[in-house]
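As given, the protein sequences belong to chains D and S, one line each in that order. The numbering of the first sequence is the UniProt record's numbering, which starts it at 1 and goes up by one. The numbering of the second sequence is the UniProt record's numbering, which starts it at 1 and goes up by one.
Please note that a few of the clues may not be correct.
[As the list claims (entries may be wrong)] Computed far set for chain S versus chain D, every beta-carbon distance over 10 angstroms:
1) Gln16
2) Gly64
3) Trp162
4) Glu166
5) Gly212
6) Gly419
[Claimed, not checked] Beta-carbon label-pair distances, calculated as ranges:
7) Gly103(D) - Ser88(S): 47 to 55 angstroms
8) Ala399(D) - Asp101(S): 43 to 51 angstroms
9) Glu268(D) - Pro23(S): 56 to 64 angstroms
10) Thr231(S) - Arg165(D): 53 to 61 angstroms
11) Arg165(D) - Pro112(S): 27 to 35 angstroms
12) Pro417(S) - Arg244(D): 57 to 65 angstroms
13) Glu296(S) - Leu375(D): 50 to 58 angstroms
14) Pro77(S) - Ala399(D): 46 to 54 angstroms
15) Asp418(D) - Pro152(S): 35 to 43 angstroms
Everything labelled a hint here was simulated from the structure, so no lab data went into it. By construction, the Cβ of each residue, glycine as well, lies at the ideal position given by its N, Cα and C atoms.
Number of protein chains: 2
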Amino acid sequence: MYERSSVAELAGRLRQEVDRYSPGEKLPSSRDLVETHRVSPVTVSRALAQLAVEGLVVTRPGAGAYRAAPRTAPAAPGDTSWQEVALSADASADQVPRSVDAGGVLATLTAPPPGVIELSGGYLPPNLRPEKALSAALARAGRRPGAWERPPTEGVEELRGWFAREIGGHGGSVSAADVLITAGGQSAITTALRALAAPGAAVLVESPTYPGLLAAARASGLRPVPVPVDTDGVRPALLEGAFRASGARVFICQPLFQNPSGAVLSKERRTAVLDAARQAGAFVVEDDFARQLVHEDAGPLPDTLRSADPDGRVVHLRSLTKVTSPSLRVGALAAHGPVLERLRAVQTVDSFFVSRPLQEAALELVGAPAWPRHLRAVAARLRERREVMLTALAREVPALCVTHAPRGGHNLWLRLPDGTDEDALAGAALRAGVSVAPGRPYFAAEPAARHLRLSFAPAAGDSEIAEGVRRLRTACDEVLA
Amino acid sequence: MYERSSVAELAGRLRQEVDRYSPGEKLPSSRDLVETHRVSPVTVSRALAQLAVEGLVVTRPGAGAYRAAPRTAPAAPGDTSWQEVALSADASADQVPRSVDAGGVLATLTAPPPGVIELSGGYLPPNLRPEKALSAALARAGRRPGAWERPPTEGVEELRGWFAREIGGHGGSVSAADVLITAGGQSAITTALRALAAPGAAVLVESPTYPGLLAAARASGLRPVPVPVDTDGVRPALLEGAFRASGARVFICQPLFQNPSGAVLSKERRTAVLDAARQAGAFVVEDDFARQLVHEDAGPLPDTLRSADPDGRVVHLRSLTKVTSPSLRVGALAAHGPVLERLRAVQTVDSFFVSRPLQEAALELVGAPAWPRHLRAVAARLRERREVMLTALAREVPALCVTHAPRGGHNLWLRLPDGTDEDALAGAALRAGVSVAPGRPYFAAEPAARHLRLSFAPAAGDSEIAEGVRRLRTACDEVLA
Chain D
1 MYERSSVAEL AGRLRQEVDR YSPGEKLPSS RDLVETHRVS PVTVSRALAQ
51 LAVEGLVVTR PGAGAYRAAP RTAPAAPGDT SWQEVALSAD ASADQVPRSV
101 DAGGVLATLT APPPGVIELS GGYLPPNLRP EKALSAALAR AGRRPGAWER
151 PPTEGVEELR GWFAREIGGH GGSVSAADVL ITAGGQSAIT TALRALAAPG
201 AAVLVESPTY PGLLAAARAS GLRPVPVPVD TDGVRPALLE GAFRASGARV
251 FICQPLFQNP SGAVLSKERR TAVLDAARQA GAFVVEDDFA RQLVHEDAGP
301 LPDTLRSADP DGRVVHLRSL TKVTSPSLRV GALAAHGPVL ERLRAVQTVD
351 SFFVSRPLQE AALELVGAPA WPRHLRAVAA RLRERREVML TALAREVPAL
401 CVTHAPRGGH NLWLRLPDGT DEDALAGAAL RAGVSVAPGR PYFAAEPAAR
451 HLRLSFAPAA GDSEIAEGVR RLRTACDEVL A
Chain S
1 MYERSSVAEL AGRLRQEVDR YSPGEKLPSS RDLVETHRVS PVTVSRALAQ
51 LAVEGLVVTR PGAGAYRAAP RTAPAAPGDT SWQEVALSAD ASADQVPRSV
101 DAGGVLATLT APPPGVIELS GGYLPPNLRP EKALSAALAR AGRRPGAWER
151 PPTEGVEELR GWFAREIGGH GGSVSAADVL ITAGGQSAIT TALRALAAPG
201 AAVLVESPTY PGLLAAARAS GLRPVPVPVD TDGVRPALLE GAFRASGARV
251 FICQPLFQNP SGAVLSKERR TAVLDAARQA GAFVVEDDFA RQLVHEDAGP
301 LPDTLRSADP DGRVVHLRSL TKVTSPSLRV GALAAHGPVL ERLRAVQTVD
351 SFFVSRPLQE AALELVGAPA WPRHLRAVAA RLRERREVML TALAREVPAL
401 CVTHAPRGGH NLWLRLPDGT DEDALAGAAL RAGVSVAPGR PYFAAEPAAR
451 HLRLSFAPAA GDSEIAEGVR RLRTACDEVL A
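All chains should be modelled from the sequences, with the hints used to inform the complete structure.
Have a look at this one:
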């Protein structure tokens, strides 16, 4: 009835034709194939069966033959595609988003390409760092007796005492026993969030706020709920409403020279914030990142929220990194009550403790006679830099509205004309030779306006800041026109 | 109808009597009170109403009066009790346990009281650390140009290259681009777990295993599922079953000189473990913590699981801490495929990066001519110490059964006679002047037998190890008798 050779021949022809059909598409009927190829129905049937075995067609009895879905190629050695499934699928925990977005953090941590002026980062340039004192302190620290022992998990006692005095002020309301040494500010934020809120919980954040906080909250499975800030800090009525609406038991904020807005929480609002937290049975995490970045012309600084809190409501957060070097990864959490044990347990389980020589180096540094001189120099330079940037902005790009001229920190927060494409502007700026931060990553939800954050910390000096703003003008001329 | 004075008088009497009743207990009926106190029903009714206003009784119409639950005292300033609620209640996320148990970790991180011989920790004593080399390396590192700059978030390039060569061996299967520098081994474990599994997910662990792993998994909201280990490592049939039963996509293990059992995964089982993971679409985290703690008499070591894995199945983990100092908090993760980006993102968001001078110090140290000498010295001393401990155990406490005499690492895992109270034994040992680790914290579920872990790393020398075992005998004589 049929010849093996004609089956093979027809299968060969069909094998070539079948690629012209989409997966699931119907092939010509057996009768058509019989006529077209002038073979017997049995030859057609056998050839189709051969292609079905090969996975090229699917035959459905009584309905005909269809182009099969392409078969998955057997994974070649070195094929890591399976990871995409493993990194996403999780039947038992599908309520928590899996991917971790480090984009906003990396944007401020990555050095810009050579020749590009950095107005986007958050660290002091080499000439504002106490580099000689750091090197000397580290060398001494590594030679101290016991330097290579494990330190107490909560930190070296004398360093805890120093942070306690810094945080508590002259009143002495904070003791060394209230302090936990952390590996810088970001680790302190992660530890606080992980200690205070369980995966799936809401956490209230300022809006706008530092993208590293939003990323840390999301990476810990938390839902950041934004509460708008104006020039007097967070708005208390909205904060109360957010506590009620979200059930959050944590509000994390920067009451002093907030990043990015530069806002300082007013005296009346300080009380209102603590009252709102008390009503909600919630903690306030006070990220006091900028207290040592005060400008020369600031006048007396407001007290910490911590100083108005006898009940352990406030978890206070400090870092030495901002005013020294990104690589002196030493910070502190101060808290009072059972929460301290939770913070310590989270840090111990996550990372054990902070390297002892780094802690000893920090202690050497802040105890040296050069330390107050260093702080005064930073205060003077930051004020100068702020003025240089404000002047340059007013001259070069008056269309960008500076929302607030802060007397501390290193950020200016610029409101862009409505409808500006932030990313296009940041991209044009980079092409013009200056890196700036678009505003979008600073918002947990859709922002009401477009912004740009400029930092006057990382540039080498005043003239570089002015030149950076001139380059920004080039970008504005291109994008805002 | 009633006199104000008699109401006040009755209320006064009842106020004194009411304390004799438990909260919720029924007070005498109104009729009884009328008779006992010889007052009118209205007086009784008014007096009870007065006490109800004061919160001392609750009146239920038609049922009578009951002693009220004691009213909460208004919180005095400095009262942190509210924190217990805030740290536990979380309506939105009640599936994830909130408290973090650092007990098992702290037991190995905390130095024992003076005069107590430490047979419980996991770090080398000062005389086995390369302390002079560490101090010199740190001093040089802090003076290198760029030492106080931010490092690349994934780590200093040359150090990544060194780890890549260490992990990949001569085959060169691992490149610097596959390596992420971490702040020691515990941070690497936390980063791997947080990158690979979402809160609520199961993660397979060896049983017994290192308590710091169980704590890290639980603190990240994961459910550790134990898979038993024998002297050839994890049992593959049970591993396959555990993957199926739990839906886990991660198995974390120590194939070389497992902590605490000392087991080395056999060659056949290596293949079976990777096959089981492949079938389950799962990652294997290979914690290769003990490769540099090999003993002089070990012979050639088995290859890493990583070397048999072209598909990015294995996330490999190393630390420099174990063989140097607890304060050189430098380790590495090596991975291949999209998972590397996830690992890097988690670490960046959690803690930014590892201090650059510490990374440079590690690089100085492992590049120095003294480094191979140090490794050889550790290998020789660990072998001696193991033999001293084994001999002392056989002589002093033959009732404790050493399950395995490992040729690497620093742990002996002792099976105790059935019914032994581990905590009583560890407590008696501490009173006798030696710290040992009870076995219970090494199990994710109920163990089949009682154990004790002894470490021959932290003691000052051979004679201290022998004396420690003699003190353990005193404890055994007391508890096992």
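Item to check | Cβ separation check - Gly64(S) to all of chain D, threshold 10 angstroms | outcome: 35 angstroms, holds
Item to check | Distance rule for Gln16(S), whose beta carbon must clear each one in chain D by more than 10 angstroms | outcome: Since the minimum Cβ distance to chain D is about 34 angstroms, Gln16(S) lies beyond 10 angstroms and the statement holds.
Checklist entry - Far enough from chain D: is every CB of that chain over 10 angstroms from the CB of Gly419(S)? => result 32 angstroms, holds
Checklist entry - Is 43 to 51 angstroms a correct range for the gap between the Cβ atoms of Ala399(D) and Asp101(S)? => result 57 angstroms, violated
Checklist entry - How does the Cβ-Cβ distance of Pro77(S) and Ala399(D) compare with 46 to 54 angstroms: does it lie in that range? => result With Cβ atoms ~51 angstroms apart, the hint holds.
Item to check | Distance restraint hint 47 to 55 angstroms, applied to the beta-carbon atoms of Gly103(D) and Ser88(S) | outcome: 34 angstroms, violated
Checklist entry - Are Thr231(S) and Arg165(D) spaced within 53 to 61 angstroms by their CB atoms? => result Since Thr231(S) and Arg165(D) have Cβ atoms about 55 angstroms apart, the given range 53 to 61 angstroms holds.
Checklist entry - At the C-beta level, are Glu296(S) and Leu375(D) separated by a distance inside 50 to 58 angstroms? => result 53 angstroms, holds
Next on the checklist: Please verify that the nearest CB of chain D lies beyond 10 angstroms from Trp162(S)'s CB.
Outcome noted: 19 angstroms, holds
Next on the checklist: The hint says 56 to 64 angstroms between Glu268(D) and Pro23(S); measuring C-beta to C-beta, is that right?
Outcome noted: 42 angstroms, violated
Checklist entry - CB of Pro417(S) to CB of Arg244(D), is that within 57 to 65 angstroms? => result Since Pro417(S) and Arg244(D) have Cβ atoms about 59 angstroms apart, the given range 57 to 65 angstroms holds.
Next on the checklist: Given the hint of 27 to 35 angstroms, is the C-beta distance from Arg165(D) to Pro112(S) inside that range or not?
Outcome noted: 31 angstroms, holds
In this structure, the hints that do not hold are numbers 5, 7, 8, 9, in rising order.
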